[in-house]
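Here is how the chains run, residue by residue.
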Amino acid sequence: MDKIEKILISICPGKFWEEKPEGRWLEIPCIAVEKMAGMMIEAGARLVTVTASPLDTGEFRLIYHWDVDGNLLNCVSTTSRGALPDIVQICPAADWIELEIHDYYGVNFTGRDLPSLMLNEHDRAGIFAGRFQRKPKAGGRP
Amino acid sequence: MSYTIPIGPYHPALEEPCKIQVTCEGETVQDVALSVQYNFRGVEWLAERRNYQQTVALVERVCGICSNVHTLTFCTAVERLAGLTVSERAQYIRTIVVELERLASHTLWAGIAAEVIGFQALFMTCFAVREQIMDLLENLSGNRVHYGMNCIGGVTRDLEDSEGVLTVARNVRQAVSGRLIPLFANDKTVRARCAGTGKLSREQALAWGAVGPTARASGLTEDIRRTSPYAVYAKLDFEVPVETAGDVFARVVVRLLEMVESCRIIEQAVEAMPPGLIHRPGFVEVPRGEAVARSEAPRGELFYYVASDGTDVPCRVKIRTPSFVNIPIVRPMLIGANLADVALINASVDPCYSCTSR
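Residue numbers (the numbering used here), protein chains in the order written: chain A, 1 to 142; chain B, 1 to 358.
Please note: incorrect hints may appear among the correct ones.
Unchecked claim - Here are some, though not all, of the chain A residues that point toward chain B, as calculated from beta-carbon distances under 10 Å:
id, residue
1, 21
2, 26
3, 27
4, 28
5, 39
6, 54
7, 57
8, 63
9, 65
10, 71
11, 78
None of these hints come from the bench; they were simulated from the model.
Ideal Cβ positions, reconstructed from N, Cα and C, are used throughout, including at glycine.
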């Protein structure tokens, strides 16, 4: 566990792990996503899921949640021009996770095909993003 | 010459819609394509447009089998975000109800597996055991499907009939140990259909991120109740059954043994449950921030991520259900299998399409 954390810190100069009750968090640059996945798989980690959230800048914040011996490591990255490298070749568990994020937010994972998983054939990817992302005032209903 | 058979989205072996497009060479499966979008409801999108109380009711409807564990996990994430401490009695009640739900889910699965195998008498035996659990859940919560037991900060109903819970737990334990396990383990038909079928190696299970009984039947040991305890699991004594064969039979064995452990957990929890409040009064204010929560649902690890911007509506709710990771693994299990085993292998991961599509 400590070894993995040290290795990950080495690809993220100037960053540090943040401790929370449910696990540790680390910001990583988008170019290091594949490197991170490779290290995690080599260390026997399991990809739990990836959480995508839209940012005001038009980019997306993606959190890669990894399980290492029951401990949760959350690696946070941000898309560049709406895209991140895909990690399916390194981690097969990411296959449906990336497809779902593409369906919901239109995030592109470079280096792979992105057929729809949750949408019908003719639906446009990104149904949760853009104009559909606008929310009512707090407590209201859509 | 190869040919393709579209199975589903409506078919007799499963109660939910899913399309499995099987490409065969003779009777051997060469490739598989899965379509799971038929139950897509946009629950995450809806959750980001309802306040926290409304979202509890919403996430309970992600699944009709493991509805309670969804609210438990969502409430746990919100409680972490809000810095709430849940009373010990409420934690015990949560543990008891979530284990009853596991029993209801596993007996349902065992019955369906018996049906797929073609063993009608075993199907009826499983459902007779399940009915005792369903009656108890109805007595405790007033409902047989969506129990409405969890709220942010505790539970909505107290557990008054402790003796009734103990009696059912003991009866179910005896029925599982004395009837279901011998029937499944010793019957030649069950063995012939299940042993060596739908194999998944430990390495495949890890690479594909398998969880729950599917992972533990392939030699992985992780159980969130043990590795990252929540509710009162850290105070209770229970085993985590693990098998190494990685076939359908191993998945049967793991689930049957888990049912015995669930009964033991319920018995201990009822006896150790202290008196006290079951929830905190008043409204809960959720500050700006983000939190995650994980729990061991009947089908495996359930994951919730909740982010708050300080209002009464969550700004992001991410739900990762166990079936979402276990269903894609059916593909490597099916390749090379016999066409006649497709329904059984698919059922062996206990797929929930309602959870998967959300």
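To see whether the hints hold, each was checked on the structure:
no.	hint	verdict
1	21	holds, 6 Å
2	26	violated, 14 Å
3	27	violated, 13 Å
4	28	violated, 17 Å
5	39	violated, 15 Å
6	54	holds, 9 Å
7	57	violated, 16 Å
8	63	holds, 7 Å
9	65	holds, 7 Å
10	71	holds, 8 Å
11	78	violated, 15 Å
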